[in-house]
Structures are given as C-alpha cells and as structure tokens.
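Trainee: Now for the letters of each chain:
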Amino acid sequence: MMALAICVGCSSSQRAQTRVQRKPLEKQRRDYQTPANYSPRELGYDRTTGKVVTYDHKPRVELKDDKAGKYEFKWIGYDGKEKAVLFQRGDVLDAVVTASVSKTSDNQYIYSYVVENLPTSAAYLKRFVVQNLATDVIPDNGGPFVAFKMSKAIEQFKDGNWLSFDDVSDDIQINPGQKVQIRLRSSAPPGLVECRASIETVMNGGDEEMPSALENLLPGYEDFPKGYTIGPVEDLKRFTTEERMKYMVEKLPQFRKAGWITDDAAVRYERLLKKNQTAGLVTSVDQDLQSEQVLPEFAALIRSMVNRL
Amino acid sequence: MRKYKLSFVLFAGLFCLLARSSGQAQQAFGYAAISFDEGTNTATGYASTELDYETAYYYDAEVQAHIEDEDGNVLGSGQATGNPSASTFFDVVQIVFCFRISIISSVIVAPHFLGCNGRYYDIFGFSDFWFGWWWDFGDFDFDRRTRCIFGRLITIAVIIRDIIRCLPVDISCSKVPDTNQLLPSSLRNIERPYLTGLIPQVNDADHLTIACRATREITGEPQSGVTVRFGFGDPPNGGGHAQHQGVRPQGSWSSTVVRTGSDGWASSIYTAPVFGGITQILMTVDGDEVGRANMETKVPTLARLQNPANTEGYLLIGNTQTHPDGHYGIVAANNGLRDIAADYRNTAFPNGQTDADKLNYNDQSLTWGGKFDIQTPATWQTAGDHDEHRVGINCDVSNHNVPSNTIVVNGQNVNRRTYLESVFNAHGSTRTLREFGRNHWHLRFEFGNAAAATAGSVPADGVAANVPGAIEAERYDTTGDDGTAGSFVPDNGATDPLYNYPQVLPIAGSDNQSYVPTAGGQWMKYTVNVTSSGSYSFMARAGSLTNGSTFHFEVDGIDRTGPMSIPYTGSADIYNFATINDIWLDAGQHVIRVVVDGSGQALGNFDYFTINPYFPPQGCNPEPWEIQDCQNSGGSWDYGFCGCQYYGCVNRVCEVY
Chain C
1 MMALAICVGC SSSQRAQTRV QRKPLEKQRR DYQTPANYSP RELGYDRTTG
51 KVVTYDHKPR VELKDDKAGK YEFKWIGYDG KEKAVLFQRG DVLDAVVTAS
101 VSKTSDNQYI YSYVVENLPT SAAYLKRFVV QNLATDVIPD NGGPFVAFKM
151 SKAIEQFKDG NWLSFDDVSD DIQINPGQKV QIRLRSSAPP GLVECRASIE
201 TVMNGGDEEM PSALENLLPG YEDFPKGYTI GPVEDLKRFT TEERMKYMVE
251 KLPQFRKAGW ITDDAAVRYE RLLKKNQTAG LVTSVDQDLQ SEQVLPEFAA
301 LIRSMVNRL
Chain P
1001 MRKYKLSFVL FAGLFCLLAR SSGQAQQAFG YAAISFDEGT NTATGYASTE
1051 LDYETAYYYD AEVQAHIEDE DGNVLGSGQA TGNPSASTFF DVVQIVFCFR
1101 ISIISSVIVA PHFLGCNGRY YDIFGFSDFW FGWWWDFGDF DFDRRTRCIF
1151 GRLITIAVII RDIIRCLPVD ISCSKVPDTN QLLPSSLRNI ERPYLTGLIP
1201 QVNDADHLTI ACRATREITG EPQSGVTVRF GFGDPPNGGG HAQHQGVRPQ
1251 GSWSSTVVRT GSDGWASSIY TAPVFGGITQ ILMTVDGDEV GRANMETKVP
1301 TLARLQNPAN TEGYLLIGNT QTHPDGHYGI VAANNGLRDI AADYRNTAFP
1351 NGQTDADKLN YNDQSLTWGG KFDIQTPATW QTAGDHDEHR VGINCDVSNH
1401 NVPSNTIVVN GQNVNRRTYL ESVFNAHGST RTLREFGRNH WHLRFEFGNA
1451 AAATAGSVPA DGVAANVPGA IEAERYDTTG DDGTAGSFVP DNGATDPLYN
1501 YPQVLPIAGS DNQSYVPTAG GQWMKYTVNV TSSGSYSFMA RAGSLTNGST
1551 FHFEVDGIDR TGPMSIPYTG SADIYNFATI NDIWLDAGQH VIRVVVDGSG
1601 QALGNFDYFT INPYFPPQGC NPEPWEIQDC QNSGGSWDYG FCGCQYYGCV
1651 NRVCEVY
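Taken in sequence, the protein lines are chains C and P.
Just so you know, the working numbering puts 259 at position 259 of the first sequence, and the rest follows in order with no gaps.
Just so you know, the working numbering puts 1363 at position 363 of the second sequence, and the rest follows in order with no gaps.
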C-alpha cells in the first residue's frame, strides 16, 4: 500500500508543469449539420384561397472537406434549381500569438505581435484583431496588413478599443506555416488584453439569398479564435506601484490559463506581488524566463510594473 | 246556466320524412290566439305553426286546433298542413253563456323560436327544447268580463312574448395581450433576438388573441351560442408599400366564425401578415360591429438612414414607385453604414471623392420592416429575393463602382474590393455575401445582440413551447447564435453528419407522429416559456426495449429530477409514461434539457413530454354542477380520476393505450 501511495505521488509529480508552453488561440468547435427541423419556404399566395403556398426547399449541409472545414450549404431555389454557398468553419485556423513590447526614449511603447499561422491550419490568416485600453494607439501601417478600427457596436469588440489588422493585398497571403508581424505604438504601458484572429469570412453567395434554416447556422464574430496577449492599458499609467502589483495578482489566473506561467511560478509570484517585492520580482522573472517558467509576455508585464522596461 | 268549456288545442304535428337526428336542434314555433266579440258573442280562434328552413326540409308542418267547452264539447275546430307553415282559423258562435273558460290543452309543439341568433337570446330558453315539448297554458277560470277579454290577454301575451323573447346581449372584445403592435410573421430565428423586448408584453410575437364575451344585458350572465365573426375592416395600408397589384395580405385568423361557449367566450388568434403596415381587424355579430382595431405590423426601432450630406461617402439608391423608401435599419446598422462610407472615403480617396465614387446603398428594409417584395410588378409576393431584408440588419451595397483594382491605403497597395470587405467586417458585417451576379454585396450586420447571447439554443421554429403544455420530442432546439447547441448525439461511428442530430422517425402506425430514438449520453434542449410560477409534474411518454435505462430532466443546467426510468415496454413501438411530481418552476423562459443517462445505443424512444401543474393529492369533492354537467354530456363522474369519465377519457381528453 505504501509503495502504491509513493508511486501515485511520483506519477502526480511527474505530471506537474515544469515549463511554460505557449497555447494557440482558443477556439470552439462548431458543427454544421443539415437542419433536422425547418419550416417550408414560402412561395407566394394562392390567389383564390389567400393562403400561403409553400414548398420544401430541402436545406442541407454537405461536408466537402473535413480537414479544411468546408461545407456546401445547399437548398432548392425559388426557380426549382439547386443553390449552393461554400462555407468554411472558423475553427480551422490554428494560430499562435507572440507579443513583445519595448519602450522608446520618448516614453512610447512599441508593441510587436507575431501571429503564426500554424501548419495545422486549413486556411490562410485573414486578420488579427487586438484589444487596447488606451486612447493614443497608432497602428504601424508599414507591415503587410492594414489596420481597421472595429466598431464598438459589435458585442465581441465592445470593451475597450480593438484594431483589426487585415490582409487586403493581392500579393500577400499568410498561409499555414507562415508568420506575420504587426506593430503599434502607444504611451500606455502593457497590460493584459484580448486578441482574436480569423480566416476569410466573406462568402460567395448564390443567386438568391440563403433560406433561414441555413442562414441561422452562420456564425458571426464569435467564430473567431481568441486568446490573450499584452497591449496598451492606459490605466496603468496612473497606477501606484501597489496598484500595479494588485493588478498583476488579479490577472494571475488568466496568465495561467493563457499558459504564460507555470503553476509553481504562479504561486511564487503571487507571494512576491502581494509583498510588493519589486527587486525580487525582477530577479525572479529574469531567471524564470531563462528556465522557461514564464513567457516573455509575463516578463514584460513584470518589468513594466516595476518600471524596468 | 250552461257552462262552456272553451278549449283551444293546437297541435303542430310534424310528419317525419326522415328520422330526426337527436344531435340536431331543429326549430319550430307556433302562434295561438283567441278573440271574443261581445257584440256577436263570437269567439275566433287562430292557430298556426311554422318550421325553420332546415326543419322544413325534412318535415311538413301540421296544425290542429279546436275549442271545447268545459264539458268537452267541441265548439269549433280547424286543421291545416303546409311547408314551412300551416294555419287554421275558425269562429265559434253561441258561447255567450259560458261562465268558465278552461284551456285544458293549449299546446304549442316544439316552441323553438327563430330570430334569436346572433346578438339576442331566447329569454324562455325555448330554443333548447326538443320536439315533443309543449307549452301548456293551463286551466283558467274567468268570469264573463275576464272571459271576454281573454282573447286580448292571449294576444297581448303573444305580443309580449314576441317582444321580450329576444333581449340584447352585450358583447365586448379584447386583445390578449393588449397591444396594437405585432411583428411581421415569418421572421427568421436569427432576427428574432434583435427584437426581443422591443414590443411591450409581446416580446417577439407576431400574433395575439382576440377574445369576445357575450353576456346577458340584464343579468350579466354569460350567453352561449352567439356567433362571432372575425374578419377585416378597412383595407390595409402603409408599411412602405405603394401601388402594388393584387390583393394585399392582411394576416390570418385561426378561426373566422366562432360561437360563444357556455362561458360566453369566443376567441380567435390573429397572426400578422409578413408585410409591415396597418391592418384593421373587425369583429361582427349578425353584421353588427362589436369590435375593431387597427393593428400595426411593424418592426419597432427602425430608423431611416439619413440622406447623406455632400461630404459623406454614400448615396441612397433603389427607391421605386412601389417601394418609395427602402432605407430603414436598426440604429446600429445605420451607424455602421455611415462609418463604412466614411472609412472608405477617407482612406481610399485621400484626394477627394466624386459622387460617382461614393458607395451606393441599395435596399435595406422598408419603413416598418417585414417582407420586402421587390418583384416587378409588385404583387405582394412572399417569395423571391430580399428574404432577409425584414428587420433592418441588411443592406445591399452595389459593386458597380467598386472595381477590383489596386489602390494605395496608408502607403500600402491593397485591392479595393478586398479592402472594402474588411471595412464591412470592421463595422459589423463579417459574414458578408458576395452576390456579384446581382452586382452587390449583401451586408448582414451581426452585432452579437446580448439577448441572442443569453438565449442560447434556439427553440424549434423560433417559438418557445408553452408550459403548461406538451412538447413533442422532435421539437428540440436548434443551434443558437452563440454556438450553444440545441441537441447532442454521441458519436456512433456513422459518417453521415445527419446522424449527429437526434433522428426524428415516424411512430409505427401513426405516420403523422414522430419519436426521437436515443442513445446513452444523448440530450435534447427545449426552450420553454413558463406562464406562471408553481409546482409542476414532468412526464415523458417513452418506451424501451431494455430494462433499467434512465434519463433525467434539467432546468437551466441543473438536474431537477434525478434518474427516471425509461418505461420498459419490451418494444420500441410501445409507449408508457414516466412521471415525476412537484418540480418548482419560476415563470419566464427556461431551457429544459432531457438527458439520457449512461451509454450505449437504442436506450429508449421518446414521443413527447408534458409539463403540467402539480396538485397535491386530496379528496375528490366535485361541485354538484360538475357532476351534472358530466352526466348531461354523456359521461359519469370518476372519483378515482376526479374527473368526468368518457369511455376511457378524462375530462374529454382521451388517451389511446
């Protein structure tokens, strides 16, 4: 019995996280299937009875390419002919975001994001959307992607400000296995922000609008894979050191969820942050970065918090 | 002194040509009158009977009448037949010496009075009499004076009877819920969440109930049998449609002719048309108006996309004579369109934009939303394009002046169309459809409405099931806008994606009814609307080939029943009931999830579920009228069921076991 207990303990210990591992953007698998329930499609009114005339338009979803997440949404059109729209699932994108930040002599922070479209993806990277909580963010338009400001009317982008960096070129396409770098600047120091990425979402329509049973299947912005990164957070400029430490403590669960810090390291940093040990934080983060206990994003935040960036 | 017995007998004999159905309430009525002339000592008798139209089809009317003295001597008589009426008239002389007039058998056979349909009722209740009933004037002793005015009394009585037999009924109609606004019918599931809560008390409803009640003017008691007609008044108008051809749809009634029940109520459900506009609904009784309302079928909160200033980068196009203004949208969509134009103008035309370069915004939605019938000529077609342009979240943007060329934006070479599509995405339309065969982009603004996010899965056909009530197993929720699935079927190795949804199969021998076969781990959600808070009984009609399979009900993600046995019937085609009582539900919308426990295939077939109020066991103490009503309608009171028993049915709801 004792041996078994020791063995279990060993096994458990071996499973403990020893190194950080950067996680790809989180995505939600959505399945698209032929609607089991749908209403007949209205064709018009019977002139004699005044009743609505309907027909079975047979809306259905056909999987064309499982790996690529491509489907054909098909139905019988008003003219009796089959219609089809090609649709691709958003979760076929596997993307990893790496962020870094530097501070210029004029107290500007330069944020750099490298978005890697992993080889396992089944589509090219269309856009990277990153949140900021500052008012003076300027996107760097020198890269291959062009920046767009996302509307706050969109549920997924209503908090803070979101910049979407899109591939709108005829010449460049970030295919699986390729990376793209995106940059922006701001006077706001780095904090934890959200980010999203997506494949091409515009679709080639048929020669009539889709029936509701199929249209209802179409996802919106919630289809974009999402995750965390670092970005400008204006509030941090006015925070005292203690408030910054508290900010970091509060964000620790999200850092862990994002895979920026090992569980063991998180315990240590919680202790250091609560004791407001700035010197110890800098020393630790340098060591932990070397030993892969934390990711550079976490290190950048710690350094920024203690004004060592 | 001789005494005469003056008898007046009237028989309305009906020669039956066909056997009479006991369930039909044929009608006949009769008149009888006696007049006495003191100058000539002459009594005059008159009697007649008449059949209503339907009765006359089957019968001839016959009237027999005589007057006899108190000794039974017949003093005068008459007889006649006819269709639909028969009359006889006779004089009797030499009755001057009579002292006593006795009407021993003044009978009117089947005194069913016509003329009490519609808004009036028969105060004597004669309309409820069957043939064979009779009205006896009874015996009367009169002195001479009285005798001599007897005829007048009879006449007066008849007159009074004719006057008072039909008293007016008060009829009032009301809307449930009390609103004049409805949504256009046939809205899509994806559109409904944008509208939730926009219409007070109706939420996302496109229909309401009109309930009319007939009550007796004097007593206020409910009056049955009043025929209420539900229809339409003035022609419909408005909504952004003009100069259409054909007949404009006005919506529909669940029933157009309804008779009031014993409670005095007659109701019908009015469902709005697919087109926006004003429809006047009209309720009548006997051609008299008893209710009228102008119903507005509209999508609220639509606002017109303002005419652009010269400095703005868009133009409004596409208005026609039949649809003079098709640029209405929800505010967020309108803002998105303005921002799209501004972005495009500022970035793609740094050196200035001409009118020819401006984005051409074609159709959005009509003034009040609803179906946008763009066919030419406009004939109120519900089919065809613009199926989505109903609630102000769509806009067609012409591509004719947006060539697929390279432009420079912020120093970068970009494709103009690709760039514009990203602008669309940044302002709310991510699943834009390229409909270049029709020279436009079809924008669909998806703002992730908060109501949609909380709605989770979407009920079948977009309509939550009512509780109390029954829920067919196959009417499980579809996948919601937030990605929350309405059902789940464990992978059974089948490659056909169709079987990733619960199957819906016809019940053997009842092809118009369906069941859902289940496997362990399978679940189905049902969005329900609980009308009032209380304790409920959950019941499932199901059957299983295997013994020991269980399932449970969850309410809003919480297991509320624990494992319940799927009835072991030994056959997949035989069903039984599984019930659990006393489950509390708060009023409002909830998601009921039926989860089949365990694993393995073919654990049970589910036909339907019911969720009905639970009443704790107590003694059965029916009111006397309940028992009487039961017996009158051919049933017998069952104290075990505490309900009326009709050959295996309870309270007229029959179940085939």
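It is worth saying that the hints were derived from the structure and are not from the lab.
Accuracy of the hints is not assured; some may be wrong.
Distance windows between CB atoms, simulated [claimed, not checked]:
id : chain 1 : residue 1 : chain 2 : residue 2 : range
1  : P       : 1269      : C       : 86        : 38 to 44 Å
2  : P       : 1405      : C       : 283       : 53 to 59 Å
3  : C       : 118       : P       : 1242      : 43 to 49 Å
4  : C       : 82        : P       : 1579      : 58 to 64 Å
All figures in this text were calculated on a predicted structure; none of them were measured in a lab.
Ideal placement from N, C-alpha and C gives every residue a C-beta, glycine not left out.
Trainee: Indicate, hint by hint, whether the structure satisfies it.
Mentor: Structure-based check of all given hints:
1. P:1269 to C:86: 38 to 44 Å: holds, 41 Å
2. P:1405 to C:283: 53 to 59 Å: Holds - the Cβ-Cβ distance for residue 1405 of chain P and residue 283 of chain C, about 57 Å, lies within 53 to 59 Å.
3. C:118 to P:1242: 43 to 49 Å: Once the Cβ atoms are compared, 56 Å apart, the range 43 to 49 Å for residue 1242 of chain P and residue 118 of chain C is violated.
4. C:82 to P:1579: 58 to 64 Å: Distance hint for residue 82 of chain C, residue 1579 of chain P is violated at roughly 47 Å.
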